[in-house]
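For the record, the sequence lines run as chains A and B.
If you're matching positions, the first sequence starts at 1 in the numbering used here and goes up one per residue.
If you're matching positions, the second sequence starts at 1 in the numbering used here and goes up one per residue.
Possibly wrong hints are sitting among the right ones.
Said to hold, decoys possible - Partner residues are not named here, just some residues of chain A that face chain B (Cβ under 7 Å, in silico):
id, residue
1, 74
2, 75
3, 79
4, 89
5, 92
6, 135
7, 137
8, 140
9, 142
10, 144
11, 145
12, 147
13, 151
14, 152
15, 153
16, 194
It is worth saying that the hints were derived from the structure and are not from the lab.
Cβ coordinates follow ideal geometry from the N, Cα and C atoms, glycine included.
2 protein chains.
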Amino acid sequence: MERLEKYYNQIKNSPVFYGMNDEELRGLLECFNARVRKYEKEEMIIRQGDMISNIYLILDGAVNIEKDSYWGRRIIISRLGKNDNLALSFVGSKDVESSIDAITVEDTLVLILGYEKCTSMCQNACVRHKVLINNLFQILSKENIELIQKIENVSQKTIRDKLMTYFSNEAQKNHSNTFSINFNRQDLADYLNVDRSAMSFELSKLQKEGFIKYDKNRFELLS
Amino acid sequence: MERLEKYYNQIKNSPVFYGMNDEELRGLLECFNARVRKYEKEEMIIRQGDMISNIYLILDGAVNIEKDSYWGRRIIISRLGKNDNLALSFVGSKDVESSIDAITVEDTLVLILGYEKCTSMCQNACVRHKVLINNLFQILSKENIELIQKIENVSQKTIRDKLMTYFSNEAQKNHSNTFSINFNRQDLADYLNVDRSAMSFELSKLQKEGFIKYDKNRFELLS
DNA sequence: ACATTTCCGTTGTTTTTACAACAAAAAGAT
DNA sequence: ATCTTTTTGTTGTAAAAACAACGGAAATGT
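Make the full structure from the sequences, and use the hints.
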């Protein structure tokens, strides 16, 4: 259990608490019984089948949202990082258990809010709750749009098209044709749903043909 | 333009307005300048690039959420029906233009609420707005979970696995091993991201091998 | 610096898919 | 009922992906 104060500024600036002043935020943190927890590398924060009643906010680190297809194949649905929320949709959907795992890819610090407890208590009373839910709505909207984008990525027919679609999207996010990615090769393959070695092969081909340049995890989109 | 009253009961029972009494609902409908609009078959309700500031609720009919991959290939992201919302995530994400098309697959009736207008006016004032956003949050959560499920469907490696995953999910939704699907073959192929003829072939093979039985759009999961 | 482990690229082989072309069946129109 | 159009199933072929096996590079630990 880590001290909350240490991360107060970061918490304050996260999208979850957007538009709140200090007084409101502190009240909210107390009402939600906020705490900070540290997870080791490769630790599971959420498991398939869990009932989720907490809001999880990543303060630092990286987390994979994964799903095990029934024969051991791993699907990486998304890679989350600082200021992202985990499994928010399962908080919003009452009585639905998590269909995904959340696994840290490195040591990770998470802020945990007991959503259940507070909402049942303060019901219509607290004003902050209204701001919060408004923020959550917007965060979920963004998540939704990113899922659609992911569907676009994995729906391309060839490995080449998947890679180029993914790179285009990354370049756009970074406002630059040069960008680094968080994934290693295996993770990228699991994200794009292709075989790693086939993907590696396609990457070199793309480089030889002059579409991209890369060195380790740094990529450049040419032309 | 259709008369609102005719559909009042259905509107009242939709998830968007869950938990509101008549007075609140009527106030809300007025505040949001609610109207009902009829779309013909194959008409576009939303286009890629549109800025979405309305809440769309399907009263009757069916709508495809699609995306055109840049070489004519069509991706069906989801098929929506009665009581579903269109493009809600683009309402929540300010200043983000739609990345999808919404196209009717048959004559469709839609309730349209001018979300923008009301929220900017009544700001923190109206109580109903709080209930509404709470509902929207839950609806978006469900959408989110369904998108994750779709990712699971299309992330299977073989056509057979995609079909069986899809069928399992449908059977579960219907609480029965026998169920009808809305898609015709081409649409199902575009949804699962596979070639139609290859899929047809795989379907007959699955039937021959005794895994499924089907007649037209009615399927049964055996074993 | 050395050993060990993890990660990455390459190649050949097998499996699966996409694509094209066509026939049969079903649905719609007159 | 007849004709037309749309949908669905079947087959062969070419393209692409998965898989397996391996060697080298890079990272990690001691």
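How the hints compare with the structure:
no. : hint : verdict
1   : 74   : violated (10 Å)
2   : 75   : holds (5 Å)
3   : 79   : violated (14 Å)
4   : 89   : holds (4 Å)
5   : 92   : holds (3 Å)
6   : 135  : violated (10 Å)
7   : 137  : holds (5 Å)
8   : 140  : holds (5 Å)
9   : 142  : holds (6 Å)
10  : 144  : holds (4 Å)
11  : 145  : holds (5 Å)
12  : 147  : holds (4 Å)
13  : 151  : holds (6 Å)
14  : 152  : holds (6 Å)
15  : 153  : violated (10 Å)
16  : 194  : violated (9 Å)
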